[in-house]
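Starting from the given sequences, assemble the full structure and let the hints guide the process.
According to numbering that gives the first Met the number 0, the sequence shown holds residues 0 to 237 in order.
Hints are supplied without guarantee of correctness; some may be wrong.
What the hints assert, rightly or not - Think about it this way: if two alpha-carbon atoms lie no more than 35 Å apart in a straight line, the pair counts; the simulated DSBU-like pairs of lysine-lysine are:
(1) K139 / K106
(2) K170 / K210
(3) K99 / K170
(4) K210 / K85
(5) K99 / K125
(6) K141 / K170
(7) K99 / K120
(8) K85 / K97
(9) K120 / K170
(10) K151 / K141
(11) K125 / K210
(12) K210 / K141
(13) K97 / K210
(14) K85 / K139
(15) K106 / K170
(16) K210 / K139
(17) K139 / K99
To be verified - Simulated restraints, written as ranges between beta carbons of each label pair:
(18) N55 / S208: 20 to 30 Å
(19) A173 / P224: 29 to 39 Å
(20) R44 / V228: 40 to 50 Å
(21) S95 / M158: 12 to 22 Å
Hints were generated in silico from the structure; no laboratory data involved. Glycine residues also receive a C-beta, built at the ideal position from the N, C-alpha and C atoms.
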Amino acid sequence: MTAKIHFGVTLVSKRAANISVRLLRTVVAVLVLAGPLAMQAQDIRPIARAVDEHYNHLRSLQTDFTEIYRGDGAERTETGTLWLKKPRKMRWEYRSPKEKLFVSDGKVVWFYLPAEKQLRKTEFRKLDDLRSPIAFLLGKTKLENELAGLSKVADQAPMNPDNTLLRGVPKAMAERISEVLLEVTPSSQLARIVFTEVDGASTEFRFASPKEDLEISDRQFLFTPPPGVETVEGELGQ
Numbered sequence: 000m001t002a003k004i005h006f007g008v009t010l011v012s013k014r015a016a017n018i019s020v021r022l023l024r025t026v027v028a029v030l031v032l033a034g035p036l037a038m039q040a041q042d043i044r045p046i047a048r049a050v051d052e053h054y055n056h057l058r059s060l061q062t063d064f065t066e067i068y069r070g071d072g073a074e075r076t077e078t079g080t081l082w083l084k085k086p087r088k089m090r091w092e093y094r095s096p097k098e099k100l101f102v103s104d105g106k107v108v109w110f111y112l113p114a115e116k117q118l119r120k121t122e123f124r125k126l127d128d129l130r131s132p133i134a135f136l137l138g139k140t141k142l143e144n145e146l147a148g149l150s151k152v153a154d155q156a157p158m159n160p161d162n163t164l165l166r167g168v169p170k171a172m173a174e175r176i177s178e179v180l181l182e183v184t185p186s187s188q189l190a191r192i193v194f195t196e197v198d199g200a201s202t203e204f205r206f207a208s209p210k211e212d213l214e215i216s217d218r219q220f221l222f223t224p225p226p227g228v229e230t231v232e233g234e235l236g237q
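Below is the structure:
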């Protein structure tokens, strides 16, 4: 009887020891994983806040842009100039490969195709377009609140090795956008924004030669269609 009791106690002790070892390993694994994540959160916070601070104090911005769309096995590259002004005013002048104009006064959006003599028009609040979030860049930026899972990108390199690449999911566009990449310069400017949609298509905006706090007339963000231009109300297209 004594031998059996002694064996049972030993078996229970071994099981307890095994459970303790497994528990310890689990705790260690969690700490190992959580440590870098916590450090990363601390690392990106100053970067995100510096971007917020930079753009929230700007009244206006002019920059050259390159827009690259990739989807359905095709790629389309367009270039032009972008003007932004508080609040929500924007003007995208496309020059290559063909001219087109995307402009908003913050209430109404016009999309003009000169070659087709067609103007599309809609209300800003109804706009479903990847250019629209950029209209809020001046004065409304708060990356940590707007992007879920904001983190540094480890599996891709920025275009410029001095820049930092961040990744997150836009909370307001989570049904359409699976992630957005932000390439941040050492001076806290956005050099590149890449939206990846849930269907795998992506739209990339690259910015160059920015000019900040220029005097830009509100007339720059209005549009009067030339004679003979057809106006279509509703979705804007691309």
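| message | Let me make sure I understand: some of the numbered hints might not hold for this structure. Which ones are they, in numerical order? | response | Checked against the structure, no hint fails, so every one of them is satisfied.
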